[in-house]
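Take the given structure of chain A and dock chains B and C with the ligands to it, following the hints.
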Amino acid sequence: MTDVPNESISSRLAKLKSQPVVLGIDNLGKTYPRPDGSTTTALAKVSFSVHRREFMTVIGPSGCGKSSLIRILAGLEDATSGQMLLDGKPDSGPCPDRGMVFQGYTLFPWLTVLKNVMFGLKMGGMGFDQARSEALQWIDLVGLTKFADVYPHQLSGGMKQRVAIARALANKPRILLMDEPFGALDAQTRAQMQAYLLQIWQNVNLTVLFITHDLDEAIYLADRIAVLGAPTPDIPHGHLQEIIDVPLARPRTPEQFTSEPFLATKRRIEGLIHKRVVPTMVEPLPMIKLTQVGDEVV
Amino acid sequence: MIRSSLRRLATVAIAVLGLGAAAAAPLTAADALKVAYSDWPGWVAFDIAIQKGWYKEAGVDVEFVWMEYVPSMEAFQAGKVDAVTVTNGDQLVMGAAGKSSKAILINDISFGNDMIVAKAGITSIKDLKGKKIGLELGFVEHLMLLKALEANGMTEADVTLVNVPTNDTPQTLASGGVDAIGAWQPNSGAALKSVPGSKAIYTSKDVPGLIYDVVAVSTESLGTRKAEWANFVAVWPKIVAFIQDPKTKDEAVKIMAARVNVPAAEYGLLLPGTKFFDTAMAKKAFMPTEGLDSVLGSSKVANAFNLANKVYEAKIDPAAFLDASLVQALP
Amino acid sequence: MAERWFAVRRDLSPRRQTLLTVGAFVLPLLVWCVISYVPFVWHPLITVTNPGGSSFLAKDMMIDRGMFAAENAKVVAEGKPAAEGYRSNPVFLPPPHAVGRALYTAFLTPPVRKGEPWLHESLWHSLTIIFWGFTAAAIIGVPIGVLCGTFDFFAKLTEPFVDFIRYMPAPAFGALMVAVCGINDGPKIAIIFIGTFFQLVLVVANTTRQTDRALLEAAQTLGAKGRHLVLHVVLPGILPNLYNDLRILLGWAWTYLIVAELIGASSGISYFINQQGKYRNYDNVFAGIIMIGMIGLITDQVLAILGRVLFPWQGKPPGKLGKIILACVGLFRRKKVAV
Ligand SMILES: Nc1ncnc2c1ncn2[C@@H]1O[C@H](COP(=O)(O)OP(=O)(O)O)[C@@H](O)[C@H]1O
Ligand SMILES: [Mg+2]
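Residue numbers (the working numbering), protein chains in the order written: chain A, 1 to 298; chain B, 1 to 331; chain C, 1 to 339.
For the record, the hints were derived by calculation from the structure and aren't laboratory data.
Virtual Cβ for every residue (Gly too), placed ideally from N, Cα, C.
Be careful, since some hints might not be right.
As the list claims (entries may be wrong) - Computed list of lysine to any residue pairs in SDA-like fashion (alpha-carbon distance at most 20 Å, straight line):
#1 B/Lys254 / C/Pro110
#2 B/Lys193 / C/Asn274
#3 C/Lys59 / B/Ser194
#4 B/Lys226 / B/Ala319
#5 B/Lys52 / C/Asn274
Unchecked claim - According to the in silico footprint, chain A covers these stretches of chain C (three or more CB under 8 Å from chain A):
#6 61-68
#7 151-160
#8 230-241
To be verified - Not close to chain C: a few residues of chain A, all C-beta gaps over 10 Å, as computed:
#9 Arg98
#10 Thr145
#11 Arg250
Here chain A stands alone, though its shape is the one from the complex:
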């Protein structure tokens, strides 16, 4: 099945890394104030780069600062230290060059699909007719032409997220940021959406930074994976552990999920993430005889 020679994969990755850096992340850190006056450091000293045309995923356990990171990159949050560079220039604040897709769809409920996709174009000062025809192309790209005049409440979760992607893409962003975009979808839709996303990425000149906590998703989609670690006794904040190349050929197919390189990568990341999970003592739970519970129910 995936008998693609390793060289072609590694040469592809090498070629990718030789592309110009779209998004540079330089020593980024985020500290939140606590109500009691102290502070929590969600993230510190994170540095990595995303290259042009690259599909990069960020993975890490819950609470390791993934959302903080991507919100800083989207400009929705200010970094407490370090900086972000877009095409080599320091950048901050929200801006359509760094498009964002949220887990919670965030479609404007009062606008139809078409108007949602037109939103960013009109904010950019584009005239109605041009915005409309461009928006229709993007809607076509995500396969929702039939639903252009429908309100979001009439769409399924997967469709909503496709509209959100079209909406972000319509602005022709330099990089598309996605924060667990498929986290709220059921397994089947999620798999479908992954395939859609890869297709779109293939067809459009696009760089993606994709956050997830799902290992399979991270590997299946990515060229490279940034593994973030949760705070530990030694490092009391979220931090970058490692960046892993994914040794899988493109285009990706579902069969690759069971391929040895895939499983090896998965084991490696699991090792990274899990090695820090120390079994903890918890209070013993009270013992209840099942029969008792059963009796109650019946």
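Frame of chain A; chains B and C with the ligands shown alone:
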């Protein structure tokens, strides 16, 4: 679409503001004389002349504005009307608050229509000792109650007064919250009818002349438009004659009843409680004598009452609130 | 499975909903009928038909039952004929048929007095007072409320004062408003304005604060900034809630009408109610109250349906009436295009 409706809304806002500004414009000489009148038989009687067009005949342009009693005084004090129908005592209250005015016409004296109505079981003023009485503090019924207490050798300290708007007195008595109320018609009558066993234990008939009902004109208006006011005053005897002439009495009652929106038969019952003043009576009452037989004497009593009860503290001269000249000039 | 009447946060079937809605009106009416027509329910008074030997009782007098019994016992003990009467309710509670008749005749009886408005003209006058007072409050209050809800600057600048002044009873400003706005409609409109404006600012500010932060962030990443965020995200986002707020506040406006119409020149439906109350015509008073209630109910229902037409993205079905409105709007639009 949104933009055009916004524009429409803006137009509305400007219109509203303009409306307020227009309404706030001061009264000018070119306007009709504005008289605020309210629900009291002596003043409802003006409707006869209004409906019959007698003011036009007399060559005076008068605009009557129908109001509640207290709001009518407020409008007068704010300078929004030229004249208001009030009791002589309340005219002093407005004067003490800085609104100088002259009573140019006496409509009537209350002759039973102002009442102290007590619930069943209380049959005299003496029975009120230690009881709660609801009335509008500082206004005419308060004065009448004090007169009643005085006549029975009592003082305000012997009772507990509760401030109740006159319009609400019937319900207040019915609710049992007070033992008696002070009110004028139609409220006093409503209280009598709606509270079983209640009784008028004291009325203005017991102190005739305590309450004179007059037309008070602002000093400015009287100063600048005296000829018009003379024409205004000249119509009143015609109204009184129309009410008292047995041939026209029924029509008079019908017109008055229509003003207050009640059946004529019902309204007719209120008339005996009001003694209408014809020219002769008015001329006599305008004489500067002591005692309740003259407005001045009555106003002096009211003034003493008002000072004693701290309704106001200003030293005012009751004589300055009267202008008998227009009535004295009548044939 | 049989449908349950009590299920936490579940809609009942349309049939049951209608049933309950009808019941909501029929039950109070039934209670009112029972109290009015069943002689042994309440009826705390006796209306005297024949005073008999009593010197104190008189025909048509209404008297407390206990007192009537005591008086009668006394009269009988003195060997005089007993008084007669029937049980009745206080005049404050007229029976339904009297109110029904009053409602019916109120509109058909021409005003006795020359120049006096018909009842429907009085009602219309009241409606215009409400309309202008409320519209002015909304026109000025909504933008201020939205600004307060959007920018903390405006919230801190205005809200404490607004919060302070909204506790002041609007009717207390009556005399001042007459001094400022004259004696005609000005002060009445002003009272409605004062009564609703300050509440409105706070309510709108609160609603504005409920704007979904995620939508604001999404809009920002799409390039929306400053006033565009307010105009294209905050405003449309809160519009349905704002609309509902205004619906509720419109009810408040009505509660101020009753005082507003008694300052300055008396006018409108409140004057009708007040005047009829003074002369104890409580059937007319009730008729007036019911008219206000019906107007309120009808406007609110119409506004609710209109709301579903105006905000189709909420996914609430517009209902039959709404569909008719939509069809009319559609016709209108097509015509416009054709022209
Ligand atoms: N607005 C905030 N204020 C305070 N603490 C925050 C805030 N947002 C996130 N955090 C904290 O920062 C850490 C990382 O959170 P987050 O970035 O949401 O992680 P992840 O998305 O990986 O689950 C957590 O401990 C969280 O409690
Ligand atoms: Mg997260």
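The hints, checked one at a time:
1. B/Lys254 / C/Pro110: holds (15 Å)
2. B/Lys193 / C/Asn274: holds (17 Å)
3. C/Lys59 / B/Ser194: holds (14 Å)
4. B/Lys226 / B/Ala319: With Cα atoms ~19 Å apart, B/Lys226 and B/Ala319 stay inside 20 Å; holds.
5. B/Lys52 / C/Asn274: violated (27 Å)
6. 61-68: violated (count 0)
7. 151-160: violated (count 0)
8. 230-241: holds (count 5)
9. Arg98: The claim is violated: A/Arg98 sits with its nearest Cβ about 7 Å from chain C, within 10 Å.
10. Thr145: A/Thr145 clear of chain C: closest Cβ-Cβ about 20 Å, beyond 10 Å.
11. Arg250: Consistent with the label, A/Arg250 stays out of reach of chain C, its closest Cβ about 28 Å off (over 10 Å).
Consistency with the previously given hints fails for numbers 5, 6, 7, 9, ordered from lowest to highest.
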